[in-house]
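Participant: As a plain string of letters, each chain reads:
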Amino acid sequence: MILVSKYCVMRRHTLIEDGKLIFESNPDLKYSEFLSAVYRNLQLQYPKFFKMDELSKTGFLAAEVLLSGRTDNRNLQNENMPVYMICRSSSLETDENFELTTGAEYFPSPSVFVYTLPNIVLGEIAIKNKLYGENTCFVCEDFANEIVFDYICQGVRSACPNEALVLFIDQYHGVGEVLAVLISEQRNENDGITGFTIEHINELLNKH
Amino acid sequence: MNCRILVSGMGIVSGIGNNTDETLASLLETRTAIGELRHLNTIHRLPCAEVRLSDSEMKAMLGIPENAVYTRTALLAIVATREALKMSCIEKGIPKRIAFINGTTVGGMEKSELYYTDFLTNDNFNEYIAAHDCGACTEIIADYFECFSYVSTPSTACSSAANAIMLGADLIRAGIVDIAVAGGTECITRFHLNGFNSLMILDKQVCRPFDETRAGLNLGEGAAYLVLESEETARLRGISAICELSGYGNACDAYHQTASSPEGIGASLAMKKALASAHLQPAEIGYINAHGTGTPNNDESEGNAIVHVFGEKPPFVSSTKSLTGHTTSAAGGVEAVISILAMKHGFIPANYNFGEPMKSLPFEPVKAKIEPAEINHVLSNSFGFGGNNSSLIFSKTDN
Amino acid sequence: MEELILKLKEQIIEVLNLEGMTPEDIDENAPLFGEGLGLDSIDALELIVLMEKNYGIKLQDANQGREIFRSVSCMAEYISKNRKF
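Residue numbers (the numbering used here), protein chains in the order written: chain V, 1 to 208; chain W, 209 to 607; chain X, 608 to 692.
In short, the hints are calculated from the structure, not lab data.
A virtual CB, placed ideally from N, CA and C, is assigned to each residue, including glycine.
Careful, some of the hints might be misleading.
[Said to hold, decoys possible] Chain W is faced by these chain V residues, among others (derived, beta-carbon under 7 angstroms):
hint, residue
1, A126
2, F138
3, D150
[Stated by the list, open to error] Capping the alpha-carbon separation at 30 angstroms, the derived lysine-lysine pairs in DSSO-like fashion look like this:
hint, chain 1, residue 1, chain 2, residue 2
4, X, K665, W, K412
5, V, K130, V, K20
6, X, K665, V, K48
7, X, K691, W, K412
8, W, K577, W, K604
9, X, K614, V, K30
10, W, K480, V, K130
11, X, K660, V, K48
Take the sequences, apply the hints, and build the full model.
Facilitator: Take a look at the structure:
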């Protein structure tokens, strides 16, 4: 069975790891300021973070909560770990920002263009954590998509070791949210927090 | 349950042809589609490979009313999907669960950027708002055919169609669907023409993949799909296969958002994974259809990866992007069809416009078409921004 | 030239999202790429856009940037000789 072994939720100015609140900011902060506050709270030393768009920052921070420490520990490091992402609004806000740079004042911005693809989130996570495994990005109206869940479970079963990182993520116009889960194939259902199913993922999303 | 995945149909539309027959003819004659832009309304005079058909012509072909709300990306896809379904005799045989897996990045954006100010100032084109996003594009295409019970839209830039084909195969192997129609579609938009131009990776002339003087890529557009089914489903339907999808692999380069690692780490991993899944040795591959965009970075990276996996004397290598342009999200599908045509008809397509060998590589691509050529297994590479690298292997079947 | 160098540093910090940096933190003679600020290829492209947008200087070839962007001082010198406005 595929189980969630660790999870992290970031939304509405809070950061939660495995059910515990680990950071909360002033609710009046703009989303961009909240992201910077989380970065500082996690004490990250990664200046490239500030070049990312808000979608990539959102996914990157959630991945950091789950993966930091692993890449330093050879026993836990898994460079073949697949990473999957399901998002609703894709990179729409960055697409709009790029479009603005090709308007009347015509100066298309290469650094904005780089982020006009949702799967760059996966690229940023892979670059930081040196992950060379499979990665795929799905754009879905609803996170509860059977095909995507089945595909991810198949991916975990064929990965070596049988573990994957999955992001359920969305960000648009000052509102962002992400549920990041580390999932693995286990024999015993007590070896994880909950099963990796549409029902349980919705429960985690609704709980926080 | 790793059943064999057969290809029972394929469809394609690109600058070099509106179907598989025209595409084959262009490949055999080494005829490039790269030239001046005729459909896209832009200030740029950059060489691109547009599909010859206008939206109106495609609607007429498909029996769609002129004023119906269809984006160019969707129309290209319907043209290609229709050919694929017909070739596979989809209506034949048993009731079946069929998935439509569509890779695209621009979706309906070519209409959104055209009507953007209209959306803000009047209601004349509001129906195109709902046609904008990638998922909606997939649904619009699927709805035209009324035979699909599952749809999905993997969106990973230039490896989207290849990833769609892999997803289709995995769905069949997992027993979730019986048939998967998988590939990708993309039309040229001002948005990504400007974007690629801002990255300074477009060539102002026809591109020269794997050439020492190469200076960038040319954008193209198109759509291509494969009909995939298990051996069992094909047997029950009484369908003979065109070939087999014998292996595939996806890996991450983990190096940079838009550039590839100089050593081609991700590319090597993807090709090795594909070979392992096909249970093939590198020497058994008869032809590599390279990603070969013609950028200084990609061709160096991919060239090094090919040497790493296949040695200093690899199989025949060519990039067909100097014929079709870089069709971005459709490339994995377009080049899968080209690879299969090459294998079935026994020739190696030319790496058109190649002149001077790269000093850093011990091999050269195929300068002129080679015919006849016996190819039992062909490998096709598609690499996307974000370091998303995919490789597909197709093999001859006995029938 | 001093004024141009200061202005350039402010523009670079803004355009390249160099969070938390002030002009005082940038040594105008230190390499911009490689060590120094450790900028990458996308940053180089943004500097090309900055040159055109703020000074009217259009570079056709990304490789020209290699010499011009060696340091802030090099950039300032090139701009003062070639600026259109």
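Participant: Evaluate each hint against the coordinates.
Facilitator: Hints, one by one, checked against the model:
no.	hint	result
1	A126	4 angstroms, holds
2	F138	6 angstroms, holds
3	D150	6 angstroms, holds
4	X/K665 with W/K412	16 angstroms, holds
5	V/K130 with V/K20	28 angstroms, holds
6	X/K665 with V/K48	27 angstroms, holds
7	X/K691 with W/K412	25 angstroms, holds
8	W/K577 with W/K604	20 angstroms, holds
9	X/K614 with V/K30	29 angstroms, holds
10	W/K480 with V/K130	18 angstroms, holds
11	X/K660 with V/K48	24 angstroms, holds
The earlier numbered hints are all upheld by this structure, with none contradicted.
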